[in-house]
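A.B. asks: Letter by letter, the chains look like this.
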Amino acid sequence: MRDTQLDTELEDLLPELRWRTWIGRIEAVLFASSKPVSREALQKVVGQAASVDVLIEDLRLDLAGRAFEITSVADAWIMRTRKQYADAIRAAADLGDQGVAFTEYEMAVLATIAYHQPISRAELKEVFGKDINRDLIGRLYAKDLIATGPRSPKRGAPYTYVTTQGFLLAFDLHSLRDLPDMEMLEDAGLVGEDAG
Amino acid sequence: MKKAAPPMETHPIYLPPLPGWVTQNHSKTSETEQFLSGASLAILHVVLVNPSDALPSQGTLPAELLRNRLALRAAEACLKLEGRRDSEADIRDAYYLARAGDDLGPAGEMYVRWRKLSAVVLKRKDWLPRLKGCVSEGVAQELPEWIDTTMDQGAGQGGSPVAQASKMVELVMAAFPREEAAALICGDLILARALGWSQPVPLLGLHLKRRALLASPDELVLACHQATTSGAQDAVRLGHDLTRRAQRLREVAPKLRAKGSDQAVALFLREDAVLPSTMLAPRIQGTSIPMTSRAARRLCDRLVELGVVRELTGRSTFRLYGVA
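Chains A and B, in that order, give the protein sequences.
Per our numbering: the first sequence = residues 1 to 196.
Per our numbering: the second sequence = residues 1 to 324.
So that you can see chain B by itself, here it is in the shape it has in the complex (with noise of 0.2 Å):
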């Protein structure tokens, strides 16, 4: 009964690159460390802006399945410098399977700090609000005192962007040395601000390590540039790569019959993971549109089958089904 499915039709689509001459290695000095942020953080600003609207032959990249999926990276990074061991696939599962009124234990909480700093919207009014609710109430109270010295320092001295971060992270290490990442979270916010992005991404939050967050301020910016080339960099490609897969699960979509279908997919385009049984049934997350548990079961198979969206997790239950 089932058909081969027909070639897929390919939009060849065109994503601005990271040239071999920020990715090849160079001497570890300050100087070629503050070039390769800033050309890496260009790149990934073009990838961000998105100007698939204008030049119809980009793919349109789907930003909150980049920001979610950084923000579990961001999630692992930092239960790792809290000396955790929880893996992305550990996370997903704190985070997806808690039902409503389950604590959601280390590895979920810190996953959902994350996810909470990448959906501030930078320039509506409850930005600091909302990224006080992502940190400690110790930390949420020094917040306000720490953006004013954090953008003095930025515009009085002319710190860059990562300047500007890097001035956050070692205000509230020095405050709180044990909040690794709220000094992350506010870190990555700080830098986005500066930059005039309109939502953070988890980029610093990836790849400072312990002893940077602990060195000297001078060292700490160094740290921080080292941190946004990486973070950018992997930002970039996952952004390529998720657009790429994006498209195909877009082209498909008009396959597929089964009622609610449409709102289905934007769901795989925004969430990291779904949980069919919770997620998709009985209602689509997010929509008033009913699916039953069959229904949306076959709905995942037939999109794996596809070969648009993978289970996740290599178990017979309990799947996880992702753009990926």
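Excised from the complex, chain A in its bound form (with noise of 0.2 Å):
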């Protein structure tokens, strides 16, 4: 790959200007990427003293009542549609197995996973009563929710699951701290014990 100096630190312009077009770097960037940009990567088009979270504060308040916004995931920002308009999207295009849908089996995996990861296959199976079908943890993985994770200390070493950053992503979490309380969910009723 050819190294293109990129002129980050834009001295000949005015401040005004300057920090104008790095905002508009940063946009293009953001919509450029279909992933998460890491605040490394943003920092790489704007001056070495510029803050990336100042930039892309202001690039916010630019998108203010328009159809897109930037969210953050675990370090990295990524420019999407917003919420509101997912009816419109759907409703133009077929979007067919491309989205994020999950039947509710499916999310019951995932969350099982999220909250004991790392847990196996036959660990996941203790917790549903059955086998998990491969071909659902396949879409899983095709999905990019989840990863392999350390091995399980079981005959013949399977593999565990963990979730992963486009998990965050598709759920809206900033990290695995933002999953819903264990403790609340239980006082809730909504799950029972820990099973391991």
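Wrong hints could be hidden among the right ones.
Keeping only pairs whose Cα atoms sit at most 30 Å apart, straight-line, the calculated DSSO-like set for lysine-lysine is [unchecked claim]:
(1) K116(B) / K35(A)
(2) K28(B) / K255(B)
(3) K143(A) / K130(A)
(4) K35(A) / K125(B)
(5) K132(B) / K116(B)
(6) K80(B) / K116(B)
(7) K44(A) / K116(B)
(8) K130(A) / K154(A)
(9) K28(B) / K80(B)
(10) K44(A) / K132(B)
(11) K125(A) / K80(B)
(12) K80(B) / K44(A)
(13) K35(A) / K143(A)
(14) K80(B) / K209(B)
(15) K132(B) / K28(B)
(16) K83(A) / K35(A)
(17) K80(B) / K154(A)
(18) K154(A) / K116(B)
Beyond 12 Å from chain B on every Cβ pair, some chain A residues (computed) [unchecked claim]:
(19) E11
(20) S34
(21) F102
(22) T103
(23) G138
(24) R151
If you are wondering where the hints come from, they were derived from the structure by calculation, not from laboratory data.
For glycine and all other residues, C-beta sits at the position ideal for the given N, C-alpha and C.
Hints in hand, dock the two standalone chains.
C.D. replies: Following this line, the structure appears as structure tokens:
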């Protein structure tokens, strides 16, 4: 790859225009990327002393009233359409299987992985009382919601599953810390005692 | 074919004890809390400084093992703060059973963060980038400024090391209210730095509760004194225990005839747990000395038989061994 020298400091511009240009660059990078873009990556297109956080805040103000917004996920940002336009997008385009649509059962398996990770297929079976379909696990992989975790200390050292950054993004969580509190769920009678 | 192990030669070792006046219950006023945290840190300081070269009657503290084990406890406490329930055993499994390329999961990652913190060498120039590697990018970006603020407060207003650490916890929590682990990691680094220790020791991370983290600055300082007292006393007791066990392990080391046994013993004196199939075989971790899986298993069995190492999991496979 050619090393293109991007002028990040923009010293020949007036401060106001320089700031606008940096905001524009961040907007362009986020628009062009389908995945969250890290702070590190964004810092590469703006001046060394410029704060990515402040630039993002200004960009958010610019986007007030527009159909898309900037969301942060685990120290990275992504531009996406606002929730209220979901129906419109669905009506206009047949999104088919691309979207992250779940059956209740898939959702239950995913939630179990999120709370009990790392968890193996055998342990999932204990929770659900039946074998978890490999296709279902495969779909969660394909949607980039789960990944392979440490081996389980069982015969054959089976894989365990853990959740990914894509999982956080899909459910609007900044980190796993934002999962609803287990104790709260227990108090509400939504989950049973810890299986492990 | 097995011969009974000969009675162990035990050299009495002197370990600075925790006097009764630091462990008994005092009234919970800020004055007593401050007194106790200072006294407890002073005793831990003596344990950590490890003057065994000057006084051969003192055992040598396996410092890295102590820090790793405290890191494990801190990881467990921080996962709890995040609403997770991973036990020490779960965390060990996540960390030691992961193979290259596997995702560690939240428990293993939390342990890695605390291990990385305890491995920071404070007199080296790269301590700040290393600390940044233990926290999220967001926290990392603010750290230089916060460190300056913490130190200003310390020097300008005569704040004690605990007060400086408390200030750091407060700054992280104010800006990132959901990053308790980062707050405690940074707090423990500031504490060690203010005390002039060569490496951070997880102390605040073991005992600070969520309610204290969200309390007013004054209440937080008091909670930090309490947490420091408990953490430092835990570290002293664990330090004594590990020093005695390490001494016994060193004493039996010459009896082991397996090739590479010295290096294996050295590994046990650093690591919280050893998984023979990956850490002793095919090569002893950190060395180029080869060992077969079978030899590794036999060595671990022999160490258990000699009573210097324990199997930590109670499983029949994927066993983890450690000084305990």
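A.B. asks: Take the hints in turn and mark each one as holding or not.
C.D. replies: A quick look at each hint next to the structure:
{"no.": "1", "hint": "K116(B) / K35(A)", "in the structure": "holds, 28 Å"}
{"no.": "2", "hint": "K28(B) / K255(B)", "in the structure": "violated, 51 Å"}
{"no.": "3", "hint": "K143(A) / K130(A)", "in the structure": "holds, 23 Å"}
{"no.": "4", "hint": "K35(A) / K125(B)", "in the structure": "violated, 35 Å"}
{"no.": "5", "hint": "K132(B) / K116(B)", "in the structure": "holds, 10 Å"}
{"no.": "6", "hint": "K80(B) / K116(B)", "in the structure": "holds, 20 Å"}
{"no.": "7", "hint": "K44(A) / K116(B)", "in the structure": "holds, 27 Å"}
{"no.": "8", "hint": "K130(A) / K154(A)", "in the structure": "holds, 18 Å"}
{"no.": "9", "hint": "K28(B) / K80(B)", "in the structure": "holds, 25 Å"}
{"no.": "10", "hint": "K44(A) / K132(B)", "in the structure": "holds, 19 Å"}
{"no.": "11", "hint": "K125(A) / K80(B)", "in the structure": "holds, 26 Å"}
{"no.": "12", "hint": "K80(B) / K44(A)", "in the structure": "violated, 37 Å"}
{"no.": "13", "hint": "K35(A) / K143(A)", "in the structure": "holds, 13 Å"}
{"no.": "14", "hint": "K80(B) / K209(B)", "in the structure": "holds, 9 Å"}
{"no.": "15", "hint": "K132(B) / K28(B)", "in the structure": "violated, 35 Å"}
{"no.": "16", "hint": "K83(A) / K35(A)", "in the structure": "holds, 18 Å"}
{"no.": "17", "hint": "K80(B) / K154(A)", "in the structure": "holds, 26 Å"}
{"no.": "18", "hint": "K154(A) / K116(B)", "in the structure": "holds, 29 Å"}
{"no.": "19", "hint": "E11", "in the structure": "holds, 23 Å"}
{"no.": "20", "hint": "S34", "in the structure": "holds, 21 Å"}
{"no.": "21", "hint": "F102", "in the structure": "holds, 21 Å"}
{"no.": "22", "hint": "T103", "in the structure": "holds, 25 Å"}
{"no.": "23", "hint": "G138", "in the structure": "holds, 17 Å"}
{"no.": "24", "hint": "R151", "in the structure": "violated, 5 Å"}
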